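**Q** In case you want the letters, here they are:
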Amino acid sequence: MKQSEHEIVNNVRKLLDDRKIALFIGYQRGTLPLCASPSFVVESNDASSLIWNGFCGCNLAVFLRSLPALKDQSSSARIGILCKGCDNRSIVELIKEKQIDRSKLFIIGISCDGIIDRNKIIVHASEGDIIEAIDNGEILTIRTSSGEQVLKRREVLCDSCLQCKYPTPSEYDVLIRAGEHKAAPATSESTQQFAAMPRGERWRKFEDEISKCIRCYACRNACPGCYCKECFAEQTRPRWFGTTSELSDLMFYHIVRMFHQAGRCVDCGACVRACPMNVDLRLFSRMLVDEVTERYGYEPGVSLKDIPPLAMFQVDDKQEFMTEPD
Amino acid sequence: MRSVGMENKNKSDSDFEPRILAFLCNWCSYAGADLAGVSRFQYPPTIRVIRVPCSGRINPLYIVKALQLGFDGVLVSGCHPGDCHYISGNYFARRKFALLKRFLDYLGIETERVQFSWVSAAEGARFSSIIKKITDDIKKIGPLTYFKKTAVQKERIHETIRT
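First to last, the protein sequences are chains P and E. Residue numbers 1228 to 1553, in the working numbering, belong to the letters of the first sequence in order. Residue numbers 21 to 183, in the working numbering, belong to the letters of the second sequence in order.
These aren't lab readings, by the way, just hints derived from the structure by calculation. Owing to the predicted nature of the structure, the values given are computational and were not obtained by experimental measurement. Note that the Cβ used here is the ideal one computed from N, Cα and C, for glycine as well. One or more hints might be untrue.
Claimed, not checked - FRET-style restraints, in silico, Cβ to Cβ:
#, chain 1, residue 1, chain 2, residue 2, range
1, E, 107, P, 1270, 51 to 57 Å
2, P, 1290, E, 170, 37 to 43 Å
3, P, 1535, E, 60, 41 to 47 Å
4, E, 100, P, 1259, 55 to 61 Å
5, P, 1276, E, 46, 57 to 63 Å
6, P, 1259, E, 103, 45 to 51 Å
7, P, 1542, E, 65, 35 to 41 Å
8, P, 1427, E, 68, 26 to 32 Å
Stated by the list, open to error - Some chain P residues flagged as far from chain E (calculated, every beta-carbon gap over 10 Å):
#, residue
9, 1258
10, 1290
11, 1328
12, 1341
13, 1381
14, 1399
15, 1421
16, 1432
17, 1445
18, 1449
19, 1471
20, 1490
21, 1522
22, 1549
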């Protein structure tokens, strides 16, 4: 961890000094324990504040959508960004969707060994407030008001990271090797279990999860794929998403938002980490990821060459679901 | 929490008249429905038709919204593969529909509620039998109660006052 942090800082310092990039997007220490904040570095002196550890959970690709410099053809400035495997997949999707220009980016890829789930720490940690957590890449040392505790990193990783197939970026200018690649199952176990439940129970579980939602839109704001200038949730004519306290409206919002990510969702888990109410959004969105892979052989963000599945078709696509008269 | 599919259970199948929203493409299925009419092919009066330029025009959001606003089922029908007036609209639609249908099924909405079909302008008989089949399917599973928005009426009134 420390070693890769040094490498990041040195790289960024050099890039800024040589004026190769105008801005670097990375992580800095958060104001609370177990949190890292996004950091926007423009002066090489400030590069030393950059960090890398298991709390850098935010998908930084989300900030690229609001940078006008990336679309301005007249400007030659490049923007540097630190990418985990999932951030990188998001960037690849954004490049394919012509939202950002690859030549305007300088990508520092970092092979990631998983992001830590704060909620799992809170479950595992003993009594007292957590003051500090130190991630050394193998174990996690938690300092609470009542003492110190050591946790195995793997026990507290996010579910999305445990199921991650591509923790190492594929599209980068510089690659920093930190963690090691872990092979993950092709399909998610939790979605398979969910799919095996009876229909009524599935819907009830969906209701239970979505009823926690307080419509703060954190899931949407944390998602690099959600870059519509005007989201359907905020359109007023027609108003799709009713301003009621009804559960059916919330479910409508989540069904449509998740479906908008079909074939584009890189399963980074940023929406789940951003959710203040701990709605298990991945339980539902992951199904679409697996379905797209199974049906159309497409894995979002893995290659710049593959055409997004909903932007193309095959004449002989499966159509077993179409209604035929008896 | 609302329970799933429990309401209206005391009503017999024959009492329940499903309300089905049908998006029909202008070039094939709408003409197919028209042909069913002029040829006097009978089918149950359960569908409300919206004519659209192409099945590819259908935003999956419309389908989910129709269910939420109280339709018991939604049908989207377009030209047979290869016959699209816009060359490929129905091929793109087919990819979206496949995912949407699987996704709604996964969440717990009966697969019969959202159906897709190909009906050409010459297939009046096929159109009528598809409507019969969908009506039967939805009669069997009963009305969609668990996803229905209850405040619809109120909101409509607000909208009318504003405009």
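**Q** State for each hint whether it applies.
**A** Against the structure, the hints:
At roughly 54 Å, the beta carbons of residue 107(E) and residue 1270(P) sit within the given window of 51 to 57 Å. Between residue 1290(P) and residue 170(E) the CB atoms are about 40 Å apart, so this pair conforms to the stated range of 37 to 43 Å. At roughly 46 Å, the beta-carbon separation of residue 1535(P) and residue 60(E) lies within the given 41 to 47 Å, and the hint holds. At roughly 58 Å, the beta-carbon separation of residue 100(E) and residue 1259(P) lies within the given 55 to 61 Å, and the hint holds.
For the hinted restraint 57 to 63 Å between residue 1276(P) and residue 46(E), the CB-CB distance of approximately 60 Å keeps it satisfied. Hint check: residue 1259(P) to residue 103(E), Cβ distance near 59 Å, so the stated range 45 to 51 Å is violated. The supplied range of 35 to 41 Å is met by residue 1542(P) and residue 65(E), whose beta-carbon atoms lie about 36 Å from each other. Checked against the hint of 26 to 32 Å, the C-beta distance between residue 1427(P) and residue 68(E) comes to roughly 28 Å, which is consistent with it.
Distance check for residue 1258(P) against chain E: the nearest CB is about 37 Å away, which clears 10 Å, and the non-interface claim stands. Residue-level check passed: residue 1290(P) sits 27 Å from the nearest beta carbon of chain E, beyond 10 Å. At roughly 26 Å, the least C-beta separation between residue 1328(P) and chain E is larger than 10 Å, which holds for a residue marked as non-interface. Chain E leaves residue 1341(P) outside its interface by the beta-carbon criterion, the shortest separation being 27 Å against a cut-off of 10 Å.
The beta carbon of residue 1381(P) is kept farther than 10 Å from every beta carbon of chain E, the shortest such distance being approximately 29 Å. Separation of residue 1399(P) from chain E is adequate, the least Cβ-Cβ distance of about 30 Å exceeding the 10 Å criterion. For residue 1421(P), the requirement that its beta carbon stay farther than 10 Å from each beta carbon of chain E is not met, with the minimum near 8 Å. Not every Cβ of chain E is farther than 10 Å from the Cβ of residue 1432(P); the closest lies at roughly 8 Å, contradicting the non-interface assignment.
No Cβ of chain E comes within 10 Å of the Cβ of residue 1445(P); the nearest lies about 21 Å off, and the non-interface call holds. Annotated as non-interface, residue 1449(P) keeps its C-beta farther than 10 Å from every C-beta of chain E; the closest such distance is 21 Å. For residue 1471(P), the non-interface assignment is contradicted: its Cβ lies about 5 Å from the closest Cβ of chain E, within the 10 Å cut-off. For residue 1490(P), the condition that its CB be more than 10 Å from all CB atoms of chain E is violated, with the nearest at approximately 7 Å.
Taking the minimum C-beta to C-beta distance to chain E, about 6 Å, the non-interface status of residue 1522(P) is violated against the 10 Å cut. Not every CB of chain E is more than 10 Å from the CB of residue 1549(P) (nearest about 5 Å), against its label as outside the interface.
Checked against the numbered hints given earlier, this structure breaks hints 6, 15, 16, 19, 20, 21 and 22; the rest are met.
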